[in-house]
Every structure is written in structure tokens, then in C-alpha cells.
Amino acid sequence: MDYLQIANSAPMWIASGLAIGLVLFQAYIFAKKSYNTGKAIGLSDTQMKSALKGSMITSIGPSLVILTGLLSLLVTVGGPMAWMRLSFIGSVMFELMAVGFGAEAVGVNLGTDSMTQLAFANAVWTMILGSIGWIIFATLTADKMDRVQDRFLKGDKALLKIIPVAAMLGSFGSLVSGHLVALNKNTIAAITGGLIMAIVVPLAEKDKLKWLREWGLAIALFGGMIVAAIL
Amino acid sequence: MTQKRDVFEGDYLPFIVRYGKVTGWLGVLMSFGPALVLAVVYRIMPPTTAILTAFIAMASAVGVNWFVEPISYFPIVGVAGTYMAFTSGNISNLRIPAAAVAQRIARVEPGTPEGNIVATLGMAVSVLVNTLILTIGVLAGSTILARLPANVIDAFNYLLPSLFGAIFVQFALMKLKLAPIALGIALALTLAVNLGWFDFLPGRPTYLITLGAVFGTIALAVAMHKRETGRP
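So the protein sequences, as listed, match chains A and B. Quick note: the working numbering has the first sequence finishing at residue 231, numbered continuously throughout. Quick note: the working numbering has the second sequence finishing at residue 1232, numbered continuously throughout.
Only chain A is shown next, with the shape it has when bound in the complex (with noise of 0.2 Å):
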């Protein structure tokens, strides 16, 4: 048989459709119990919709791209692990290179050999086990971690406001460093979004252009790309 009939079989969706379950799942008791609680700390019904419709319209760009990724992971190990896997604790670089390695594991050269069951069996532990790690070290660490964090900060509050957005800055710069140093049209990109941004945060202050807030990330990563993609 050969392996892509297994990869897309019908126990195969079972088994993936299960996972995306529990996801969405966990997604709506955690909104539910967030948005009663959120009420009952003082945040007001518009601000939480205002806030819920924003990410819903910044979150269609980066699924695109999910997407993208999604269809080049089908070719190769089948509809339900691709879906699966990019619901699901996976990203899109690290499956690509999951399936590589498992492959290769048994003699499989991705790209050159053609992808035997074997070799698929492999990418599909490869991609569990290379992943689990963080959803354990998560679960184990969650709760405690906010009493390091109390620690760490001694009860001096405005700490409390400057080392998130310095944890963002850090990671985020280190994202875009890599596309900075590139000097390529990834580069240009970076900076288009980052310019557009510049401009749209101010300007979603005034009161005329409300609307900017919720649309301002989607204009700006749309806008990079165009550029990037025109020049």
C-alpha cells in the first residue's frame, strides 16, 4: 500500500480530528471563564468585543501563512498529520525539519528517495516526540512560574509593567534580527512592517480612527509584504 492511502486514512483523521478537538475545547472554557471574569474584574463588554474582533482580524494574515506551510506539509505526510500538526503544539519550520529527520532515521533522503511507510511512521513519532517537550514543560511550570515572578519582583509593581513589554522586545527583536541581517526582501519586509506600524499606533489614537486599532497589524504585515514582494 502505499503510504500516502495510510497517511490520509480515515482513522488516521480520526485520530488528528481528536487532537484539534481538545484544542478548541481548552480555547472555549478559558474564553468563557475569561470574559466572565474579565466582566467581573471591571472590563467593560465593548472593550473585550473591540479586543476579540482585532485578533480575529489579525489572525487571518498569520494563518495564511499557516496555510501555506499546511499545503507544502500535505505533500508529504498527508492531509491529517498537516492539519494536525499546525493546530497543535506544531509551527511550520519545526514539522518540515521533524519530517526530514525522521526520515533520514531510516535511509529516507527527503527530495531525492521517494517517502516509504517506514519512513513516514518515523516523521510521524520524529514530530511527536521532537514537540512534546514543550506542552510538559509548560503544563509542569505554568502555575508555578507566577510565584518566580513574585519573587523576582519583590512587590515593586511598576517592575511589573516594564518586564513584559522588555520580554517582547527581546524575543521579537531576536525574530526580526535574523531578517534584518539578511539584507534581502525579507529584510525590506521587516521594515515596512515595522515602519507602518510606527505610523498606525499614533494615528489609532484619535477618536475618528477607531477602527485603526483593530485593523492596524493587518494593514501593517499586509503592507510589508506587498512592498517587499513589488520591489
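Calculated from the structure, these hints are not laboratory results. Just so you know, these numbers come straight off a predicted model, no measurement behind them. Every residue, glycine too, gets a C-beta built ideally from N, C-alpha and C. There's no promise every hint is true.
To be verified - Non-contacting residues of chain A with respect to chain B, defined by C-beta distances greater than 12 Å in every case (computed):
1. 5
2. 113
3. 206
4. 208
Said to hold, decoys possible - Calculated pairs, DSS-like style, for lysine-lysine (alpha carbon to alpha carbon, straight line, at most 30 Å):
5. 1004(B) <-> 1021(B)
6. 33(A) <-> 210(A)
7. 1226(B) <-> 154(A)
8. 161(A) <-> 1177(B)
9. 53(A) <-> 161(A)
10. 210(A) <-> 1004(B)
11. 206(A) <-> 1226(B)
12. 33(A) <-> 1004(B)
13. 1177(B) <-> 185(A)
14. 49(A) <-> 1021(B)
15. 185(A) <-> 1175(B)
16. 1021(B) <-> 33(A)
17. 1175(B) <-> 157(A)
18. 161(A) <-> 1021(B)
19. 1004(B) <-> 161(A)
20. 49(A) <-> 33(A)
21. 49(A) <-> 39(A)
Unchecked claim - Only part of the chain B face toward chain A is listed, based on derived beta-carbon distances under 10 Å:
22. 1034
23. 1036
24. 1045
25. 1067
26. 1085
27. 1092
28. 1096
29. 1102
30. 1115
31. 1130
32. 1163
33. 1164
34. 1183
35. 1184
36. 1201
37. 1210
With chain A held as given, fit chain B onto it using these hints.
Using the frame of chain A, we list chain B on its own:
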């Protein structure tokens, strides 16, 4: 204020921790589903050595991130966000941007109870949108890919760098003094890694860039704050 703390710490967090743990461990179990199907239904089981070989390759390439990412993203997304982000994946390219936009629109500060709650709402929506788009995509399958012109597919490669640039600037505007420091550290480390200064470390040590930039920026931010306020 105290009542707010009571609701958040006495009711919200215990709920989130309980369900976060249950869904997290279920997630670990369920990720083995497809491997189990292959072994039980189709009797395909790779030899342990092959699994181990591939696992070791993966662990040396990304293993450090298992620890670095949950720690570096925690201050931004909080307890609920940590459970959610690491169950659903695609963190830097989707979850964090969705959470950050939600916080900016609702005008709440990251790190506060309000900030955590709004970030969780933003992430939940991103889970929904992402799952919806991917489900349509996988069902429509490769026919979509075949119909899209090649230059459109190429253009999508620029979306991610553009997103990273835009998110960086969004936070840079919140702390103008800190942004050049963060970017400076990140750029210096990126160049050093590209020049091969850290080649004695296993894998390609790109995690050093994240580690150095996140904790270097936090350390300098704390030092600057202490100097300004004169606290020890």
C-alpha cells in the same frame, strides 16, 4: 483593588490551572494518537533506534526552546496564556500577535490581571480562526495551491518578517528607550551566530539570540528602573 485580586487569584487562576493541567496532559496523550493508529491499525512501528536517532537530532536542534520559550513568553501571556499557547503552537507567529493586539485595543497593560484576561481572549480567537482556515485549507487541499499564481505564494514568504517587524515596533513605541537596547543585543548576537562564534555549541545555536536578547533586555530594563527610582 483587593476585591479584583480576590476574583483573579481566588477564582480565575485556580480554574485555569485545573483545566490547564487536564488539557495539557490530555494534549500530551493525544499527540500520540496518529502514532498509535499506525502501530495498532496498520502494524507499522519504526525500530526504537530509528526513533531515538531522529529524536536526538530534533532535541539538539530545538530542545533548548522547550525551556526557553515558555519562560520568555510567560511575562507577556501569563498562566492561562502559557497553557494555551503551548497546546496550540504557532506561538510567535500567531498567538502572541493576537494577544498583543487584544491588549492594545482594550488598553490594558501586559502583566496585570486585565492584561492576562484580554490576552487569553485574543489567543482563543486566534485558535478559532486558525483552525477554521486550516480545516478549509486541508479539505480543499492542494487544489488551492495549484490555482494560486506562483508570485502570490512567494509573496507569503514576506508576511512573517513583516509581522515580526510590526510587532517589534508596537512594543518599541511603549518603551522607546528600551527598544534600541533590545534590537542592539539581538543584532549583535545574530551576527555573532552567523559568523560562527558559537559553533562549539551543539546544533545551530540560534536559541542564544533569544536567550541573550530576552534576559539581557529584562536585566537592563530592571537596572534602568532601579536607577531611576533609586530603589536598591
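Results for each hint:
no. : hint                : in the structure
1   : 5                   : 10 Å, violated
2   : 113                 : 15 Å, holds
3   : 206                 : 14 Å, holds
4   : 208                 : 16 Å, holds
5   : 1004(B) <-> 1021(B) : 24 Å, holds
6   : 33(A) <-> 210(A)    : 27 Å, holds
7   : 1226(B) <-> 154(A)  : 13 Å, holds
8   : 161(A) <-> 1177(B)  : 15 Å, holds
9   : 53(A) <-> 161(A)    : 25 Å, holds
10  : 210(A) <-> 1004(B)  : 28 Å, holds
11  : 206(A) <-> 1226(B)  : 34 Å, violated
12  : 33(A) <-> 1004(B)   : 15 Å, holds
13  : 1177(B) <-> 185(A)  : 28 Å, holds
14  : 49(A) <-> 1021(B)   : 28 Å, holds
15  : 185(A) <-> 1175(B)  : 28 Å, holds
16  : 1021(B) <-> 33(A)   : 16 Å, holds
17  : 1175(B) <-> 157(A)  : 17 Å, holds
18  : 161(A) <-> 1021(B)  : 27 Å, holds
19  : 1004(B) <-> 161(A)  : 18 Å, holds
20  : 49(A) <-> 33(A)     : 15 Å, holds
21  : 49(A) <-> 39(A)     : 11 Å, holds
22  : 1034                : 5 Å, holds
23  : 1036                : 7 Å, holds
24  : 1045                : 7 Å, holds
25  : 1067                : 6 Å, holds
26  : 1085                : 8 Å, holds
27  : 1092                : 6 Å, holds
28  : 1096                : 8 Å, holds
29  : 1102                : 4 Å, holds
30  : 1115                : 8 Å, holds
31  : 1130                : 5 Å, holds
32  : 1163                : 5 Å, holds
33  : 1164                : 4 Å, holds
34  : 1183                : 5 Å, holds
35  : 1184                : 8 Å, holds
36  : 1201                : 16 Å, violated
37  : 1210                : 5 Å, holds
Comparing the model with each numbered hint stated earlier shows that hints 1, 11, 36 do not hold.
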